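Visitor: Listed below are the residues making up each chain.
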Amino acid sequence: MNARDAILARVRTALRDVPRDETPADVEVPRPPAPVLPDRVELFAERVADYKATVVRCTPAELPERLAEALHGVARLLVPTDLPAELHPAGPELVEDTPLPVTALDAVDGVLTTARLGIAETGTIVLDHGPGQGRRAATLVPDLHVCVVRTDQVVTGVPDAVAALDPHRPQTWISGPSATSDIELDRVEGVHGPRTLRVLLVG
Amino acid sequence: MSELASESSTRRSARSAEVAPRAAAGGATFLGTPAFPIAAKAALADAQLRRNLAHATGTIRGKRAAVVAEVANWEELRLAGAALKDRTLRHLDTYLTQLETALTKAGATVHWARDAAEANRIVVDIARGHGTDEVVKVKSMATVEIGLNEALADAGITAWETDLAELIVQLGHDLPSHILVPAIHRNRSEVREIFLREMGRAGRPAPPDLTDNPADLAAAAREHLREKFLRAKVAVSGANFAVAETGTLAVVESEGNGRMCLTLPEVLISVVGIEKLVPTWADLDVFLQLLPRSSTGERMNPYTSMWSGVTPGDGPQEVHVVLLDNGRTDVLADEVGRQALRCIRCSACLNVCPVYERTGGHSYGSVYPGPIGAILTPMLRGVGHDEQVDSLPYASSLCGACFEVCPVRIDIPEVLVHLRSQVVDAHRGRPSLQGAAMKAASWMFGTSARTAAAEKLSGLGSRVLDRTVRRRAPGGRRALGSLPWPVSAWSDARDTPVPPPESFRAWWSRTDGGRR
Ligand code: SF4
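From first to last, the protein sequence lines are chains A and B.
Residue 0 is where the first sequence starts when you use numbering that gives the first Met the number 0, and the numbers rise one by one after that.
Residue 0 is where the second sequence starts when you use numbering that gives the first Met the number 0, and the numbers rise one by one after that.
Isolated chain B (complex conformation):
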């Protein structure tokens, strides 16, 4: 995602032509990517990409379903997970100050960052203070969101991504396309080429006889990164959970690169979104059951590291935690959208989404792709001033599959519908942007094959409409609340009678997209 900042500035400038799009200042979207319908159209034409994606999402879907079925009380766990996050969010001020106290007591230094620039400045200053020109990084969505690697590069500090997929993305001057497996769009021979071409320019080269066998590729990454782990002074991580009561942070991972970063360097800086809190240590048990099964489809991920502040004689002796807002309080203020802050970034919603499966993560142009990105990004950035952001609530068939799998029961379709009406409100009387949104909607619903596939995949039809029923018309007749834009421009002003149960596609064509 970032420019692969190299040691010498000459080398960097020589390569600027191949630099990939950067995270937008302020975060959450990537600069230079087109609005969803345009990007999606290009992605749909890429057959190789679609095959890679279909294979990958299909495989994870299957694994997830099998391990979820093993757990007798899964639904109760989901309810508990959602309720715990709601408890945290409704009393976030209490829990944030509690976390600050616990962390400080455990020997950590707590920083607060209103936005991306402030967070980046804090990290850059700490790294500079230690006179280092490189940091090792554990995969962290929050640091991609704030464009930390770019900010470090601007300060002359190289950030090495150490998760294998992130390494592939970084060496390939590419953008991540999935929350869990950011290089899901790359196949093995592409990875081999990237390693052969780029590793030597960033440190230890790949062996010249490297094959495209995944085990050999992983071994090359191991050798390449080990020299970096063993010499790194400063590491940067995120956190999956932060326990307010005890100041415990948790990082969940598979490869051991997380453990390397969290324990070998002298200094550790963790950038933690303020929505990552859970109230008590005991609450972690719910999330440690929900996350791995929803995410990688395993009973438990290979490694989970937990720590609170500094442990004398073991691990980093200087520990910093940066508590990040960057738009999260705006999400919190939206009573319908607030539930998006429950998200534990498992990526299950991406893997079941018929739109994601066909277009891939890059089409969203957003740090958070897929269904969760389609609601989180517009709320973090605000609607009405960026065409690409405003197209995201339309990057969905509203089929509801994302809600069904979400381990913390985020009603993504409900929030999508809510955001569509916000987009419409923001653009009243501004036809050009309405045109873009219209294109997004017609892209999804205009092609019968696409929508039919979406509905078949999710097994849903008229339920889509039931979801939008939020009011009753005078006389008790069921009426539709906010309909998907552009219908909402009409339905916001008057109640729409509920049509008989029929597929959304049938309803769409019968009513000419709700105009009749």
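The shape of chain A in the complex, shown without the other chains:
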């Protein structure tokens, strides 16, 4: 017997006690009620900041100025090829990810993207690497990630996010900058991912 059939046969033997007419739906799963939370946009900003990321709220009109501040000191900025033109900042040299080899990603000062949504309860931004969000390596290799999230993209909790997302797309859920607590449980920001995360919350 091949390994597949052998394992499936072992599973069926192991489950002899399960009545043959039982279906998965017969195993009841109590679903917890959705949490009721205060103003989700405020909460999102608070909780992102809890992770030592910076969060700046602004109106669409203020965005260019806030963007310039967030990118202070950046000479070469990586951007996805489909980043909306109104998000192109003045100042840094824009390097389009056409896609570039990984070593080139390692040579820019930062990356600018949009997000798919934000989760208030946990202070998480979720990228599904659709338009404006770049491929996965683009927000990983550079040391600074500046991410623009619209207030209408912020959902309350994890269940709302899961319900809105497409499971067939690759996803990266980001809660603060890269961090480790492996040495005496002292939290250190920035091991392999971006050491700095700046979120611009627009709307």
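Errors might be hidden in some of the hints.
To be verified - Calculated pairs, BS3-like style, for lysine-lysine (alpha carbon to alpha carbon, straight line, at most 30 Å):
id	chain 1	residue 1	chain 2	residue 2
1	A	K51	B	K62
2	A	K51	B	K227
3	B	K104	B	K232
The hints are simulated quantities; they were obtained by calculation from the structure and are not laboratory data.
None of the values given here were measured: they were computed from a predicted structure.
Guided by the hints, dock chain B with the ligand onto chain A, whose structure is given.
Guide: Below, chain B with the ligand alone, put in the same frame as chain A:
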């Protein structure tokens, strides 16, 4: 945990004297480690180790309690998590074939592995097929369990652990001692010494002026590993969850080393235990709430990566998934023990365990340490043929703290008691092994200070006994079911009347360990 396989075999053989114990063939335990009571005694004498552990587990306990208290529906989430896993396990054949179909449709190649040797062979063959002599690895308990690094080394392929703690363990020729923070037993100055001594032999050296500041140590690891990430062709990962419905795999991490491995190399091989399944995409929301808060005590871990098969133009273009049994179907067949397969490896049970806090992870000699290891390892390996494995169900005070924190409500004390009676049954008439088990029990209950501390920590006393009440004696009198061994040798044959509520310690000394 493994020999740090270096590029040249001469260098490797020159260092064989300092090689740490290896994962036992077949997995789940480490060869050459003594049975729990003996290892525990040595650990108890190490004051530095106890201080490191007490600080670490105390800190995580506090953080976990705070973020769990924030969630109003926590108990309902736990019930949902347990029920979802039960649904998966009771219909595992259905979900496994569903996952296979979804993964294949998404462009992944699915492999099945009955045991460690089969899983290792599959990974080695894929890596060899790409002509590479190194792979980068995301921390994965399943690959430690099967001894994958050792198998790769035997095939001339170096496996680089990229999680900071795993890197410390690997460079230090050491064994992991905790599920979440494998180098929890090392302090900063030890880490600095290991980096200075070993990094240069494995690639980019640590800067000579390296301090023992955690930020500097992390920066050294960043530089050291980056050159490996940027050139690696093949990566190996595990998965925290595998969604049967959609073929989505999820890896939950903090440092970004996971993202590096999962997205930069051309080829990705994920070794996934068959218990990692969840039925639907929507079910993930329950576990993405339960896991980070139980594990690191955060609302959400910094990074979660999810993918299904191959994404054109983004990430690895060749994706393999190895579905691993290696004893899991034996656990599944045990109706009491089956619940252990719900485990999502959060490590909360380690951090609250009075025994773990005093002895550390190495004493268990097991890939899975702490309370979950004490039940999972004997079930994966089978009882009755290895003294060390058989001592594990006794590495507990049965205080119940592990059950209270477990996000998927695994009744670890219930399974411990159940396994103790299996150990006894397996050793009837074989005094030497009974002696070892006896030592384990007397180690825990024999010293009043130790047991008193355990009971104080958990706030439990006679409840321990209530847990073991599973039957009624004729006439409706409450009776004890399986008592902890060695009492069980007696109680299995007749019903023991329930003693009045008193502390376990008081009961133990009053009855001379249940003999009176
Ligand atoms: S047994 Fe429960 S508490 Fe322990 S690691 Fe597994 S899920 Fe976490």
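Visitor: If a hint holds in the structure, say so; if it does not, say that too.
Guide: A quick look at each hint next to the structure:
1. K51(A) <-> K62(B): Holds, at about 17 Å.
2. K51(A) <-> K227(B): 28 Å, holds
3. K104(B) <-> K232(B): Holds, at about 24 Å.
Checked against the numbered hints given earlier, this structure breaks none of them.
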